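> Below, each chain spelled out in residue letters.
2 protein chains.
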Amino acid sequence: MNIILLHSADFINPDTVILKGRRKDHIINVIKAEKGDALSCGLVNANMGKGIISNIDSSKVELKVKLNQNPPPALPLALILALPRPKMLKRILESSATLGVKTIYLINSWRVEKSFWQSPILNDENLNKILIAGLEQGKDTILPQIFKKRLFTPFVKQELSDISKNSLCITAHPKTTTPCPTNINQQTTLVIGPEGGFIDLEIETLEQIGFKTVNLGRRILRTETAVPVIISRLFPV
Amino acid sequence: MNIILLHSADFINPDTVILKGRRKDHIINVIKAEKGDALSCGLVNANMGKGIISNIDSSKVELKVKLNQNPPPALPLALILALPRPKMLKRILESSATLGVKTIYLINSWRVEKSFWQSPILNDENLNKILIAGLEQGKDTILPQIFKKRLFTPFVKQELSDISKNSLCITAHPKTTTPCPTNINQQTTLVIGPEGGFIDLEIETLEQIGFKTVNLGRRILRTETAVPVIISRLFPV
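Each protein sequence line maps, in turn, to chains R and D. Here this note's numbering = 1-based position in the first sequence + 8. Here this note's numbering = 1-based position in the second sequence + 8.
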């Protein structure tokens, strides 16, 4: 937790918040902060800044906050992911939130196991917890948006053209020799397939609306490794 | 498992192997291969190539193998990691093996919890399983070497200078404004700190032998995200 994320409900007046539960425990047990200490704070989907501890005991922490800084810039990226298995999804969403991805589509594909769509991880409340953990790590306040698309072809044919308009459109796919571009400064729509890859027909459907397949070298990466590798390659900071 | 990794003990004659257990199960249940199919194979720490299934039943798979290709080039990198918590260590080692890292030092540091050194994950047999899984994902045969160093200062002062001789020496550290270099073509020694970061004294000790601190932007990344991000940035393929 490199930033304490606040919600409107935490405010008892315009510059004072009271924290209980997980965040209070973290401030007391992990940061081991004391009265007068300044902590990095941010209001979810708004500004960030500092909070000075004005009161602290085992049941609550009171902070006087001044939120006058912008959160870090978002990545100019829409990430379209064939739904990974739940454990991997959790790690990918958390690291994507940390890295500054703000738009994520989870889509179906031939090799996505049907059972993955039944996972409780896909409930809004659980997704929210994962994204908050990612923002707390990366020191950001802006929650990514997640869209779930259960039908591959209608999504690609009817929605993806609009989503990807005026952006660089690429599909990461091991079966091509075109290398993934580096250091681009452009809005990008990036599609990543499931374990085992997209089937040829899916690649063709994506190519028909302008998605170019690119690879990441000879080595085949798990999705959870591929996501940070591609992001770092497209948008080095 | 994008490559079937073979051991000398699997060979019944110079071009024939018999597989049982985990690899046999994978060939039958996941790849669903049949007699006559060609599979990607490699001998651990040696060449890779193809294996044609010459016999298959529920108890074993026999392959005729031809191993006439070099494994992919290793990354010119020595990775020095403050020992992460066991679950994270597993993922970092696996993805590092997948990405082509061949030299990994696990070191102590002020903020490494003592209990991490007691984890059974650090047994050679368990480390070997993790690295093999990483190579199977990345289609490589060369096992990384892992060295465990329980004392920070003696390691840095007496060993690290030799290890890092003639290489670019960098420490990834959020508390600096120097950005991490990109797309270098040079042997590199990369040091990554623990959760919470190195303490100032540790950074100074590293600086004294020539390690420059570099950062990865405003966002603070977990080690498991930082490793692929930095590797992709230093060595885009």
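A hint or two may mislead.
Just so you know, same-sequence chains aren't split out, so a pair can sit in one copy or run between any two.
Here are the simulated BS3-like cross-link-like pairs (lysine-lysine), alpha carbons at most 27 Å apart as the crow flies [claimed, not checked]:
hint, residue 1, residue 2
1, 68, 165
2, 95, 147
3, 137, 98
4, 58, 157
5, 147, 98
6, 95, 72
7, 43, 183
8, 72, 183
9, 122, 40
10, 137, 95
11, 147, 220
12, 137, 74
13, 156, 72
14, 40, 72
15, 183, 58
16, 28, 98
17, 40, 95
18, 183, 32
In short, the hints are calculated from the structure, not lab data. None of these values were measured; they are calculated from a predicted model.
> Evaluate residue 68 and residue 165 at a C-alpha cut-off of 27 Å and name the case that applies: within, between, both or neither.
neither (52 Å within a copy, 45 Å between copies)
> At most 27 Å between CA atoms: does that hold for residue 58 and residue 157 within a copy, between copies, both, or neither?
Classified as neither; 39 Å inside a copy, 38 Å across copies.
> Between the shortest in-copy and the shortest cross-copy C-alpha distance, which are at most 27 Å for residue 147 and residue 220: within, between, both, or neither?
between (33 Å within a copy, 24 Å between copies)
> Between residue 40 and residue 72, at a C-alpha cutoff of 27 Å, which is it: within one copy, between copies, both, or neither?
within (18 Å within a copy, 62 Å between copies)
> Can you give me the call for residue 95 and residue 72, within, between, both or neither, at a CA distance of at most 27 Å?
neither (38 Å within a copy, 37 Å between copies)
> How do residue 122 and residue 40 come out at 27 Å by Cα distance, when the copy is not named: within, between, both, or neither?
between (45 Å within a copy, 19 Å between copies)
> Please sort residue 95 with residue 147 into within, between, both or neither, judging by C-alpha distance up to 27 Å.
Both: 23 Å inside a chain and 23 Å across chains, each within 27 Å.
> Can you give me the call for residue 183 and residue 58, within, between, both or neither, at a CA distance of at most 27 Å?
between (48 Å within a copy, 18 Å between copies)
> When no copy is specified for residue 137 and residue 74, does a C-alpha distance of 27 Å or less occur within a copy, between copies, both, or neither?
Within one copy only: 25 Å inside a chain, 50 Å across chains, cut-off 27 Å.
> Between the shortest in-copy and the shortest cross-copy C-alpha distance, which are at most 27 Å for residue 72 and residue 183: within, between, both, or neither?
So residue 72 and residue 183 pass the 27 Å test across copies only (25 Å; inside, 55 Å).
> Are the CA atoms of residue 183 and residue 32 at most 27 Å apart within a copy, between copies, both, or neither?
between (49 Å within a copy, 25 Å between copies)
> Regarding residue 137 and residue 95, is the shortest C-alpha distance of 27 Å or less found within a copy, between copies, in both, or in neither?
Answer is both: 14 Å inside a copy and 20 Å across each meet the 27 Å cutoff.
Violated hints, listed in ascending order, are 1, 4, 6, 13; each of the other numbered hints is respected by the structure.
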